[in-house]
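Student: Take a look at the letters that make up each chain.
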Amino acid sequence: MSVSPRHALAVWHRNFAMYRRTWKLNLLPNFFEPLLYLASIGIGVGAYVQGMGGTSYVAFLAPGLVAVSAMNGASFEVTYNSFVRLNFEKTYESMLTTPVQPDDLLAGEVLWAVTRASIYGGCFFVAVAAVGLAPLPGSLWALPVIPLTGLLFASMGLAFSLRITSMDLFSFYFTLFLTPLFLFSDVFFPLQERLAGAWLTLAELLPLLHPVRLMRHAFRGEASVVLLWDVGYVIGLSALLLGLAGRTMRRRLGS
Amino acid sequence: MVASVGVTRAVVECRGVVKRFGPRVAVDGLDLDVPAGLCFGLLGPNGAGKTTALRMIYGVAPATEGAIRVFGLDVATETRAVRARIGVTLQENALVEPLSPVENLRIFARYHLLARAEREARIAEVLDFLDLRAFADVPVAKLSGGFKRRLAIGLSLVSRPELLILDEPTTGLDPAVRIALWERVRELRDAGTSVLLTTHYMDEAERLCDRVAVLAAGRVVAEGEPARLIREALAVEALEVEVAPQAEALLLGGLDGVPRVRSGRQVALFVPDAAALLQALRGRGGEAARLRAVVRPANLEDLFLHLTGTRLESGEASAAPAAAGGRA
Chain E
1 MSVSPRHALA
11 VWHRNFAMYR
21 RTWKLNLLPN
31 FFEPLLYLAS
41 IGIGVGAYVQ
51 GMGGTSYVAF
61 LAPGLVAVSA
71 MNGASFEVTY
81 NSFVRLNFEK
91 TYESMLTTPV
101 QPDDLLAGEV
111 LWAVTRASIY
121 GGCFFVAVAA
131 VGLAPLPGSL
141 WALPVIPLTG
151 LLFASMGLAF
161 SLRITSMDLF
171 SFYFTLFLTP
181 LFLFSDVFFP
191 LQERLAGAWL
201 TLAELLPLLH
211 PVRLMRHAFR
221 GEASVVLLWD
231 VGYVIGLSAL
241 LLGLAGRTMR
251 RRLGS
Chain H
1 MVASVGVTRA
11 VVECRGVVKR
21 FGPRVAVDGL
31 DLDVPAGLCF
41 GLLGPNGAGK
51 TTALRMIYGV
61 APATEGAIRV
71 FGLDVATETR
81 AVRARIGVTL
91 QENALVEPLS
101 PVENLRIFAR
111 YHLLARAERE
121 ARIAEVLDFL
131 DLRAFADVPV
141 AKLSGGFKRR
151 LAIGLSLVSR
161 PELLILDEPT
171 TGLDPAVRIA
181 LWERVRELRD
191 AGTSVLLTTH
201 YMDEAERLCD
211 RVAVLAAGRV
221 VAEGEPARLI
231 REALAVEALE
241 VEVAPQAEAL
251 LLGGLDGVPR
261 VRSGRQVALF
271 VPDAAALLQA
281 LRGRGGEAAR
291 LRAVVRPANL
301 EDLFLHLTGT
311 RLESGEASAA
321 PAAAGGRA
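Order-wise, the sequence lines are chains E and H.
Sequential numbering from 1 applies to the first sequence in our numbering.
Sequential numbering from 1 applies to the second sequence in our numbering.
If you are wondering where the hints come from, they were derived from the structure by calculation, not from laboratory data.
Small disclaimer: the values here were computed from a predicted structure and weren't measured.
Where a beta carbon is used, it is the ideal one built from N, C-alpha and C, also for glycine.
Treat the hints with care, since some could be wrong.
To be verified - DSS-like cross-link-like pairs, simulated, lysine-lysine; straight-line CA separation at most 25 Å:
| no. | chain 1 | residue 1 | chain 2 | residue 2 |
| --- | --- | --- | --- | --- |
| 1 | E | 24 | H | 142 |
| 2 | H | 148 | E | 90 |
| 3 | E | 90 | H | 142 |
Claimed, not checked - Listed next, with one range per pair, are the computed distances between beta-carbon atoms:
| no. | chain 1 | residue 1 | chain 2 | residue 2 | range |
| --- | --- | --- | --- | --- | --- |
| 4 | H | 115 | E | 138 | 39 to 47 Å |
| 5 | E | 20 | H | 172 | 25 to 33 Å |
| 6 | E | 5 | H | 128 | 27 to 35 Å |
| 7 | E | 175 | H | 66 | 45 to 53 Å |
| 8 | E | 252 | H | 15 | 26 to 34 Å |
| 9 | H | 98 | E | 132 | 32 to 40 Å |
Could you put the whole structure together from the sequences, leaning on the hints where they help?
Tutor: In structure tokens, the structure reads:
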């Protein structure tokens, strides 16, 4: 990999310019989704939930949903949007007629997806902080976790989107991959109280689990050694997937 | 590189370039020199390898074999340096539809790392040059096909390229728009920009290109000035005669050394004076006296048919080229 930061930024800028024009169509629906979960499950169902170790259920739910909104922000960008830019709009092909190189392109796309994840996650964090679910200033540690979550799901989505040749496969990615992650990654219930030993170890493979754990610790203002593993997992897997995505991109655009 | 006197410096040099996709050979030993300051046309039917050749020339696709130099630089290793000095318009417009022409131009100017002042100056230049001023701030989605194409070409001009590469610049456009675009390309060439374009329209090549290379099955089968190529391989004029294949030997016999090309019911015969030939044929009497024929200038399409036995715009194979007549 050899990235020219200024060229990557030019790619980022292309998406930013586009987004500035279309954000009302693109941002708002996705942004409201976790808010609706917070209201329905957190407040509605939460009223019947006891025994969350001293906190309300909605307070348990909030940090996980911040991670989820970052995951969504990145995922929407690098799935349908990237696929269209690669296959239909010939955006990538036209970028590569200029001094922009494939690695710059990939870096710019990831940077943009992280930006979008940060907008989603950031806005959601502000919303939960405003209603008193994020104790300040301790929970500000959640802020760096937002782009980290974005990086992970940007890398994952790109590795998938660049490889597939039919848009229909995204329904697998969303319904059979992201949705189960959303439901079983410690967001709605504490995994360690529901799963037995070996299963709990296996659950460590779930990508969303790590951002959620980081987020929850930040909200509670707690530190733990396990968080180092979480950060390492997120960065390591992102690097691996980006390497893969880069190879696919060079193969698909450079032949 | 030493440019000798009297020889135009080549902006693009391809030597023995081969491109394989698995077992398929798309470009099969391409040798090509694109001289500076001219409009150079790469002609061929769909699938002849034109676009693949261009993609290798601007360095997005590596050649399987052979060497390509642009401005004397090895495009495989100095890709970024080459791309900074060229502009490429792809066959399909890659525009950001919700944004305006100005915003699209800004995006492209950023890819070239132009600073703000420079960027805005170049954008104004391109808008004026391509008459896009009136639509500068309208979403691209609302522009007509002709204006979208202009903008697509404008994107590749924003870096003031020394070499402009146009892949099928006017495919799908109406005649007035095509003529207007040709005029712009001529102006660019006259101002010193080298132009390399691909087309499968022979009128485009004849009117616009100073030199052409005819590509068939991934190889150059003829190269030179259009008029001269036609004259040397065929003749200045064509006599197009309507004659069924079974009557051809009878009606058009005894014309050894006259190149001919059949397409459908038409046979074109190439001679310096087609009217005289028609008179001679009709003078044979009988059925020949009633020959239906048209006298016209020989054109690039004739040449292509002669060289490859393929109709250009339809891509359909016709009868094999006539045995008579020398090859270019």
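Student: Does each hint hold? Answer for all of them.
Tutor: Status of the hints after comparison with the structure:
1. Under the criterion of a C-alpha separation no larger than 25 Å, the hint pairing residue 24 (chain E) with residue 142 (chain H) is consistent with the structure, at around 20 Å.
2. For the proposed pair residue 148 (chain H) and residue 90 (chain E), the alpha carbon gap of about 15 Å is at most 25 Å, so the pair holds.
3. With a CA separation close to 19 Å, the supplied pair residue 90 (chain E) and residue 142 (chain H) stays within the 25 Å bound.
4. Between residue 115 (chain H) and residue 138 (chain E) the C-beta distance comes to about 43 Å, which sits within the given range of 39 to 47 Å.
5. Take residue 20 (chain E) and residue 172 (chain H): their Cβ atoms lie about 31 Å apart, and the range 25 to 33 Å holds.
6. As the Cβ distance of residue 5 (chain E) to residue 128 (chain H) is approximately 33 Å, the hint placing it in 27 to 35 Å holds.
7. Between residue 175 (chain E) and residue 66 (chain H) the C-beta distance comes to about 48 Å, which sits within the given range of 45 to 53 Å.
8. For residue 252 (chain E) paired with residue 15 (chain H), a C-beta distance near 28 Å keeps the hint of 26 to 34 Å intact.
9. A hinted range of 32 to 40 Å holds for the C-beta pair residue 98 (chain H) and residue 132 (chain E), which are about 39 Å apart.
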